[in-house]
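Chemist: Protein sequences appear in the order of chains E and C. Using our numbering, read the first sequence as starting at 1 and increasing by one per residue. Using our numbering, read the second sequence as starting at 1 and increasing by one per residue.
Accuracy of the hints is not assured; some may be wrong.
[What the hints assert, rightly or not] Heads up, simulated DSSO-like pairs for lysine-lysine below, C-alpha to C-alpha not over 30 Å straight-line:
#1 E/K431 - C/K116
#2 E/K114 - C/K46
#3 E/K431 - C/K165
#4 E/K298 - C/K45
#5 E/K517 - E/K624
#6 C/K116 - E/K293
#7 E/K169 - C/K165
Hints listed in this document are in silico derivations from the structure and should not be mistaken for laboratory results. Computed from a predicted model, the values in this text were never measured in an experiment.
Residues per chain, in single letters:
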Amino acid sequence: MAHSEDIDPETIYRTDALIAEDIDAYLETHQHKTMLRFITCGSVDDGKSTLIGRLLYDSKMIFEDQLATLEADSKKVGTQGQEIDFALLVDGLAAEREQGITIDVAYRFFATEKRKFIVADTPGHEQYTRNMVTGASTADLAVILIDARQGILTQTRRHSYLAHLIGIKHLVVAVNKMDLVGYDQAVYEKIIADYTAFAEEIGIAAFTPMPISGLSGDNITSKSDNTPWYNGPTLVQHLENVEVMVTANQARPLRMGVQWVNRPNLDFRGFSGQIASGTVKPGDQVRILPSGKTTTVKRIVTLDGDLDEAVAGQSVTLTLADEIDCSRGDVISAVDAPPQVADQFETTIVWMDESELLPGRSYWMKIGTQFVSATVQPPKYQVNVNNMEQLAAKTLELNGIGVAEIATDRPIIFEPYADNRDLGGFILIDKISNATVAAGMLHFCLRRSQNVHWQDVDVDRAAHALQKRQEPRVVWFTGLSGSGKSTIANMVEKRLHALGKHSFLLDGDNVRHGLNKDLGFTDVDRVENIRRIGEVAKLMADAGLIVLTAFISPFRAERQLVRSMLPDDEFIEIFVDTPLAVAEERDVKGLYKKARAGELKNFTGIDSDYEIPQNPEMRIDTTKMSPEEAAEIIVDKIVGSWSYTI
Amino acid sequence: MSLTHLQRLESEAIHIMREVAAEAEKPVMLYSVGKDSAVMLHLAKKAFFPSPPPFPLLHVDTTWKFQEMYKLREKSAKDAGMELLVHQNPEAKERGINPFDHGGLHTDMWKTQGLKQALDQYGFDAAFGGARRDEEKSRAKERIFSFRSANHRWDPKNQRPELWKLYNTRKSKGESIRVFPLSNWTELDIWQYIHLENIEIVPLYFSARRPTVERDGMLLMIDDDRFRFEEGEKPVERSIRFRTLGCYPLTGAVESEATTLPQIIQEMLLTTTSERQGRAIDHDQAASMEKKKQEGYF
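Isolated chain C (complex conformation) (with noise of 0.2 Å):
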């Protein structure tokens, strides 16, 4: 009986997080309800079944993700059995830091600042993530387990070896890993083993009618009142759905008639643009992710 690549996948995953889960002292995962997300629970609830997961989910919360979102996160976490722990940066919440006024830093102070904040908090001593190799040019050359300094650096020059299954987490105090179990999955495999797995995902994947403004040659959806209009925006109804998804005033949207997975699916592999594309993040300059990692950006 051969395995299929994501009978292999899942299996990879489930055996990296039961490792974490018998060597680090203090695990947890971080969830940001997107659909990578969603599948990192879903392996988790496979490893340690019938147990619940023995660690909490953390989000790191920048208060601009969609309703949608949040309205998922609770229900996931009470259907997964598990603790969900929210982390809000308290800082940039007193200086309303916004993706409207603050641009780079709006993502810096909650999300990357925030993260720091959450795990030193919590003394958590590793972080599953749900990054991908395929995603992006330097997340390839990244481990399984990516170890930080008591700062949460990265340092890419000095990266343990990883052989085989056998992954090293012996680390000093204060240091801490984050763990990608998704490492080896590509778009495609997360999308087919959600839809092979009937894995719940947030509405707005698929497409519906939604108002959104065009701007910069993204489409933006207005998800609440706290929405800035430039001169001359109207919200105008279109079919669109997310490819991925963050804080909704910095995340595009693509105009879609896929409202089931295959059609979602089918639209992805006849597409002939990334997915990150939407993401103004990745933008600024060919490097930009390496330098936001080694700043301690997940």
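Bound conformation, chain E alone (with noise of 0.2 Å):
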């Protein structure tokens, strides 16, 4: 390795010297440093878990008895010969070491005399999205490796472009591996005027190149001998030299997402949260959110008595000059710049769950310290991560990247993602399997969320209900097909007719022929069929209807969806709990003998699931129960538990 002498990668990142002379001078200037979280992408070839290994070592994170374990490492499973492999440094979990790949993003910590870093080291392989945009969604800067003898590969545009889309501005193009094209400028040239080009179609604006070499050393800490015709920054010193996203959104309005009311006692109300944009004094005119109610703050409140001024990214508890309504979710914000209210917005979804999104269904959505429930539309596309092409798709997949609509069950507090990435950027949770099931960012609200108003009605539902003479119910009945449900259903209403109860019962007959005739029998369709029928359902109890429904509704999350669109104790779920082997032998349609044969697909209980109510109102065990009995007994619950009847 040969280096010029102007640097020495011994004062880049530690001066022994000073530390054993003066170690309250070397202290003195620690205490100072800054910090920036970068991101290393590559694919497996390029060399990234060396480059980092190489970062490691020249900063002396690495100790004795380690390297000694590294050796050892290298020469067992290294791939490097009996030369050291830096990139077992780096590949930690057993069962990727003797794959001799990355699977998942590891945090790796390094530090300069100007700086600390902390890099993340996701994989290169095509399956694993995911965790490139994991990584990407901390850092400040991205480094895009690329292989000085296969110049640019697919992976290099989707690294690009992922890097791109988390919003990441500052980008590092480092051509690896210069070593083994003999240092060739010619070479190194055509890669960067191949990248330029890319970069300038799918809207990077500005990137920094370099030539490096992770393996021997060059222009990583100083800069080498091996490639005179360069005259940029060494890796380590762009690194140490590049603004970090935290103090520039120090220039931005002030945002601070509440996250927990502070209340000792009586006298004292504070509110905890983490800066997102902007700085506060004492003494500022504040708006809380969604209320809009204007105040002043008074007191900036710390451990370390009271600050005269907070800044973007510190964490601090401010206290109120007003009594003012605000609470975890809630958003303190400049006076004069509040962040924008809305319930439905555009948004960039990345998918990252093995089950695929089901448009429709009601996930929850966690934003900065708001937690609510939402629904995203069907993509509008598709991204091809690979060459950005937009394909139409009816839902995503995992590591799938797409474009939607996404309505929340309240308005939230937010701002786009390009502004603001507390405020901008959601996860969306699975309601049963609680699994982060995607990363999305918001782009703008749709006008219409902002426009559509409820039109105050004179004759609301309880006026529909009373002059019923009933209370509106929703008895939900769900269950296998064959099961018995409308055959029950038909009964409970004939008796509630006969009653003179107003009723109206939904089935497969009345609702697919029409209303959702344009619905088939995936699981996307079904999650949609439910949340029409819900909807429909909702509207009849609004006019003070007991409106039964008999379809099989197999998933959990959308009767509990239909569940939380209507009052308590309207909705009353009744499982039709019939054994698939006595459906199935009853087969009173002929439809078990066809999807046993596989001219139906996607049929309940065969290949598609049913997810068994875990609290239903009734069960109706049709094994042990008549119809007959099941519909006295279900007219019972309706109407026993009525305040009033006829």
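Each chain sits in its own coordinate frame; assemble them with the hints.
Modeler: Given below as structure tokens:
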């Protein structure tokens, strides 16, 4: 390894002489270091782990005992012969060490005289888009590694697109393994020209190119004599000098999501949170969202005494001059430049779960400190991350990226992701498995969400119900095909009718042929089917009716969704429990036979799941009870629970 | 105004603790009395000031910690205004499990099993731990919010993606979360922060003359009369200190003259061995920590 003499790695990382002679002076300088988070992206053979290993090694983050282990490991499983295999330093888990690939996001640390660095190490494998997006979400900068022998590959485009999508403003395009192409300037220039053309295409405004070798250390910490034609900074110099996001955010208007209300006693009420953008001083006028009320900041309270000012990135506790309603999820903002509030958005979604997106299903959404329910519309298009082509899509699968509209069940406070990651980035959580199924970025709110207002009606749902002298109900029958739902529901309706009750039965026949005739039987369509039925049932209940529905409704999440649309006690879930074998033996409509013969796809119980209700209001065991008996106890349940009858 | 790296690490840890306080049903802070625990406790005081931290401290005790650790434990909890829960595995106690006779079983029964017992017994659904990602390779990939099944197992292949500052704390009944607010701190960060913030730590971190024996290349301190001498061993006074603290017969000391924090940091920076080297537990095999963690070790 040949280096010019101007910068010695020793001075960049730490000065052992100063440590030995004047530790206090050394500590003093080190207390003023800033911090940069970055991500390295490259495909399996681009030398990513080697580069990170090199940065750690040069910064002396590797101790002798670790080095001894490393040397032993290098000989055992290393790919560099008798040389030290830096990659082994960073490939952590046993499973991936054996496979020789990095399979997840790992975080590494090193420091120079100026900065501490956190490196997110993410894999280059095709199936791991989710890992890269995860690693990039907290990064200020991305290093895109290109193998000088290979030039720009599909992965290079993919990683660049993802880094750009996540809003990383500082891109370093590092042409690696320059030693293997004889430090040929022409090779380097060609790659950079290709990359420039590609960057323009996808809207990357600026990037910093550099020729390096992670293995032999060229242009990493010191300028390499092997590339006299290169006049730019070394990788470490560049990393030390770019502006970090949190500092840039200070110039924007104040936003602080309230995390926790601090109430030790009746005399103190503080609002704790991390400042997402801007600065705040006692005496500043602020606006609390979503209420829109204004007040003044009284104190910035910390254990070490009150502060005169706090800035983006700090976790603080504010007290306010007025007793204003403010709780977790609210946002304290600059009085004259508050963020927007809306409930429908255009977003980009990155799907991260094995089970695909179900448009129309209700997911939890976490954005800042706000936690709401949200439904996703079918994507407008999906992006092919290899060539950025927009493809038509009905759903998104694991690692799929698409643009889709999202509606939340109540208005949320947000900012476009490009302006503010904290108030524009969100995750979606499956309500049953609790898995984080997607990450998303809000772009803008849809105008209609601000313009559609509920029309106040004088004849309201209570008036409708009173006129009919009954309390509205949605009686939801669920169970396998052929379990007896329609038969029982029909008998229940006849009895209600005889009792003078106003009811309506929704079933496959009157819904599938009309309202939902555009829907098939895939999971996506099943979710939409039930959502529409739920909405119709809700409207009918608003009109004062007792609504009976008889649908398989196989998924817990959708039944829960309908339940959540109605006031407490109005939703009665009835599980018509017939074992699959019994339903199949009855096979009233001959459907099971067809499904078994493969003529019917996505048939519940055969090749599509049925999720058994966990806490239904009633469970009808049809192997122990006739439909007549079942109808009788159900009518008792409906009519008997009323406070008044005819 | 640029925030320093320590300010940002502090702010991140506080943010994490407040998320847990807001979203978990019954959080607890695991407190081992070591330097990382001391930093974590200090951050908790900052996060919730002027309220005391809204959770108790839990010490999973092996009965084999250094005497000075027990002393500081009581004092720290009292100073923070927090409840201190101490759990000692009754089965390990009854069977007299100790580091001299039982090797790995000692750690498993007192620490791993003891921790599971305590979490189950009190029904804690979130537990703060002071682990850092720079300590050991498998830690580097662990999330800040790390999920455990109802059997307290960690599944490294099935971790939730962790984006931005958005932590998904939803879980099913019986499942729990280990939360590591110091994930992004390094050993140097910890020492610098202790120095800057004047945080009280166990005196054993500072050098003093203490009775020791040398065994299998480790310097062991004789902390009480339960210490068993092997043939030919005699206590020798040496000027020693500890870089990491655990059960006294399992923790190796280093010879040192460092009696102040700057001197400790100086030694650390000029040293050539990693912090965990003093712990017998890591030495079994390369992937030993990963295995232990899958089984429920913190």
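Chemist: Determine for every hint whether it applies to the structure shown.
Modeler: These are the hints, each one checked on the structure:
no.	hint	result
1	E/K431 - C/K116	holds (27 Å)
2	E/K114 - C/K46	holds (27 Å)
3	E/K431 - C/K165	holds (20 Å)
4	E/K298 - C/K45	holds (22 Å)
5	E/K517 - E/K624	violated (35 Å)
6	C/K116 - E/K293	violated (47 Å)
7	E/K169 - C/K165	holds (19 Å)
Hint violations for this structure: numbers 5 and 6, all remaining hints satisfied.
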